Structure formats: structure tokens, C-alpha cells
Amino acid sequence: MRILLLNYEFPPLGGGAGDATKTMARALVSRGLTVDVVTMGARGLKPQEIVDGVSVYRVKSLRKKKETAETIEMISFVLAAIPVVLKLTKKNKYDLVHSHFIIPTSILAYILKKIRKLPYLVTVHGSDVPGYNPDRFTFEHLFSRPFLKLIVKDAAVVIPLSDYLKGLIERNISSRCKLKVLSNGIDPNRFSTAAVKNNWLLLSGRHLKRKGFQYLFKAAESLELKGWEIHVAGDGPYRANLVEAAKSVKVKVVFHGWLDKNSTELKTLYEKSKIFVMPSKAENSPISLLEAMNAALAIITANTTGCKEAVGDTALLVSPEDPDQIKECVSRLVQDQALIERLSLAARQRAREKFSLDQVIDSYLEIYKRIAVNQESRD
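Taken in order, the sequence shown gives residues 1 to 379; the numbers are from our numbering.
Bear in mind the hints are in silico, worked out from the structure with no lab data behind them. Since we're looking at a predicted model, the values are computed, not measured. You may find that some hints are simply not true.
[Unchecked claim] DEER-style ranges, computed between Cβ atoms:
| # | residue 1 | residue 2 | range |
| --- | --- | --- | --- |
| 1 | Gly257 | Ser175 | 35 to 43 Å |
| 2 | Ser263 | Pro237 | 39 to 47 Å |
| 3 | Ser222 | Asn92 | 55 to 63 Å |
| 4 | Gly312 | Ala80 | 17 to 25 Å |
| 5 | Glu221 | Met1 | 27 to 35 Å |
| 6 | Val251 | Leu86 | 31 to 39 Å |
[Unchecked claim] Lysine to any residue pairs mimicking SDA-like chemistry, simulated, CA-CA at most 25 Å apart:
| # | residue 1 | residue 2 |
| --- | --- | --- |
| 7 | Lys274 | Pro188 |
| 8 | Lys180 | Glu309 |
| 9 | Lys308 | Val181 |
| 10 | Lys281 | Ser144 |
| 11 | Lys113 | Lys65 |
| 12 | Lys65 | Ile75 |
| 13 | Lys274 | Gly227 |
Every residue, glycine too, gets a C-beta built ideally from N, C-alpha and C.
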């Protein structure tokens with residue numbers, strides 16, 4: 001089976017969705033599939049290369065930053081990618097197209113279905129759905145809904161990564177598309193549990209206001225955290241605000257910047273930290289949260305959206321934008337090593353049982369086969 005994977009973000013570009021696409025592509029190749037990826041290009045990246053057995057085609061675009069893409073940059077990618085995907089689908093016989101994000105990427109999948117009669121499925125990550133991300137694309141969603149509805153209607157399957165996102169799609173786009181919830185998957189053996197844990201609180205993810213990292217800094221202003229450090233991985237448009245907020249914290253705060261998922265530095269941060277904090281007001285199936293569970297951290301996260309779905313009863317839950325609740329939870333953990341150990345072990349066990357990459361890939365392969373069989377019957 002040959003699959004064309006589309007995502008405007010693919011490492012080293014983007015965040016969790018890009019990492020998830022790369023992880024999926026590599027896993028599909030290990031199962032014997034042929035996988036080609038079409039993604040955005042950027043300065044310093046090869047236009048074409050083979051990465052872990054995956055053929056990656058990077059299309060020229062106006063993108064300037066690795067961590068984020070603006071609307072005009074996405075438009076430039078779609079326009080430049082149309083002739084690329086048409087050429088690839090003329091040259092190669094693909095069984096289907098797997099697109100990540102409804103827009104901008106699935107515009108290409110929709111075009112390919114109309115011209116090449118190729119079926120497609122869409123994995124939805126969040127910001128492409130109206131009502132999900134208060135930080136970005138609110139203006140664009142004022143006129144994008146007709147396109148969103150058209151794309152999901154024509155998709156063989158639409159895959160939101162959480163029940164929360166499924167509900168948003170049904171309410172804000174369409175309740176008539178074929179929806180199936182599948183979470184992101186993680187490698188249960190990625191992190192070692194043999195590393196000695198330090199008194200570190202870890203924040204990891206794209207620096208956006210909705211992530212709520214600033215509320216941890218607000219909580220830490222009046223916390224007794226002697227002997228502890230706060231480490232922050234990632235970058236994004238809200239970084240300057242976070243750096244300013246960190247100045248009022250009495251303990252050491254280290255900003256590590258944007259780190260490759262497979263870097264030793266990021267792996268070390270997860271393995272050596274004790275507490276992970278993600279008080280985000282809008283998440284789907286966040287890779288950074290799943291990684292924290294997998295790395296056996298005690299977790300403080302939001303009591304809403306995909307965060308609550310991911311952790312179940314293995315974390316301390318807080319209301320988004322509530323530094324007082326964060327303060328209370330951090331205080332409980334730093335004073336109770338037994339609680340840290342209990343939560344961390346429970347989180348790791350849940351990650352291994354519910355979010356194993358093998359289980360997720362098995363589910364996708366079943367969907368692929370069903371789509372391919374249906375397409376053959378039509379032909």
C-alpha cells in the first residue's frame with residue numbers, strides 16, 4: 001500500500017502535530033507501507049530527502065519561523081504544492097491520501113479527489129476548527145466554514161484526536177461527516193525511568209497565551225520553591241510575555257528555546273524533571289502531555305478539553321487561567337514526594353496502556369484498508 005501524507009508542518013517545522021505526522025510516517029514504513037510526505041519548505045531545509053525510509057518533499061513557501069506559520073505563508077504553501085502533488089499522483093499509484101489539518105492541507109486532498117479520484121481521510125489537530133484556538137485564526141474562521149464543511153463532507157473519514165474536538169466539529173462545522181476519534185500515539189520505550197529525577201518543574205510546548213504557562217509563573221511568585229527550578233522548552237509568539245512573567249519568580253527559570261523532539265536536551269528534560277505543568281484552556285491530544293505521562297512525571301493540567309481526557313485520574317486538575325489552583329497543586333506536590341511518585345507511576349502506566357503507538361497505527365491501518373477496499377469496489 002502506498003500513502004501520500006500531507007501536512008504543512010513536518011519536523012523540524014511546527015509542533016506536536018508535525019511530530020505526530022513524522023512518528024506515524026516512520027511507523028507505517030516499518031509496517032511495510034510506502035509513504036511519501038508533502039510539506040512546507042523553509043530556509044536551510046532540503047527540498048527532497050529520505051528520512052527514516054519516508055520520502056519527504058518540501059515545497060517552497062514564504063514561511064519564516066520554524067515554530068509557527070501565518071495565514072499568508074499557508075496560502076503560499078497550498079498554491080505552490082498543487083503542481084507538486086499533481087505530479088506525484090500522476091507518477092505514483094497511491095491508494096489514498098492522508099491529510100493532517102482540514103485547512104490548509106486538506107485543500108490539496110480535496111483537489112486530488114476531484115482530479116485524480118483519490119480518496120482521502122483527515123486527521124484534525126485543533127486550530128483548523130472554529131472555536132478551538134482563541135489565540136489564532138479567529139478572523140480566518142469568519143469565512144472559512146463553507147470550505148471546512150465541503151472538505152469534511154468529501155472525506156472518507158474525519159479523525160479528531162479527542163471527544164472534545166469531535167464535539168467542536170459537530171457543532172461548528174458539520175455533524176454529518178464520518179467521525180472516528182483516535183488519539184496521538186507514543187513510543188512507550190522512548191524514555192528511561194532509570195534517570196535520577198531533579199527538583200525541576202517542566203513546561204513544554206508552543207508558546208501561546210492559551211497554553212497558560214504564565215499562570216504557573218503567577219502562582220510561583222508566592223510559592224516556597226527553595227531548591228527547585230522551572231524549565232521551559234519551546235518557542236512561539238508569546239515567548240516575550242513569558243520571559244517577562246518569569247522575572248517575578250524567585251527561583252531559577254531556564255528557557256531552552258525550540259528543541260527537536262529527538263534531541264538529547266529535550267529527552268533529558270523529560271527524564272530528569274519531576275513535575276509537568278500544562279494548564280491550557282484548549283488542547284486536543286497534546287504530544288507534550290502524553291510525553292510527560294510516558295516519562296513518568298507528576299502532572300498538573302487543565303480540567304477541561306483534551307487534557308482531562310488524556311490524563312484521566314492520574315493527575316492533579318486545575319481550572320484554566322487560575323493561578324491559585326495551580327499554586328495549591330504545586331505546593332502539594334513539592335511537599336509530598338510520595339504523591340509525586342504515585343501520580344508519576346500512574347501516568348506512565350496509563351500512557352503505555354492507552355496511547356501506545358502500535359495500537360494507534362493498527363487502528364489507522366484498518367481504516368486505510370477499508371477505504372482502499374471501498375475505492376476498489378467503486379472502480
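To see whether the hints hold, each was checked on the structure:
no.	hint	in the structure
1	Gly257 / Ser175: 35 to 43 Å	holds (42 Å)
2	Ser263 / Pro237: 39 to 47 Å	violated (22 Å)
3	Ser222 / Asn92: 55 to 63 Å	holds (60 Å)
4	Gly312 / Ala80: 17 to 25 Å	violated (43 Å)
5	Glu221 / Met1: 27 to 35 Å	violated (55 Å)
6	Val251 / Leu86: 31 to 39 Å	violated (55 Å)
7	Lys274 / Pro188	holds (18 Å)
8	Lys180 / Glu309	holds (16 Å)
9	Lys308 / Val181	holds (15 Å)
10	Lys281 / Ser144	holds (23 Å)
11	Lys113 / Lys65	violated (31 Å)
12	Lys65 / Ile75	holds (15 Å)
13	Lys274 / Gly227	holds (13 Å)
The structure shown violates the earlier hints numbered 2, 4, 5, 6, 11.
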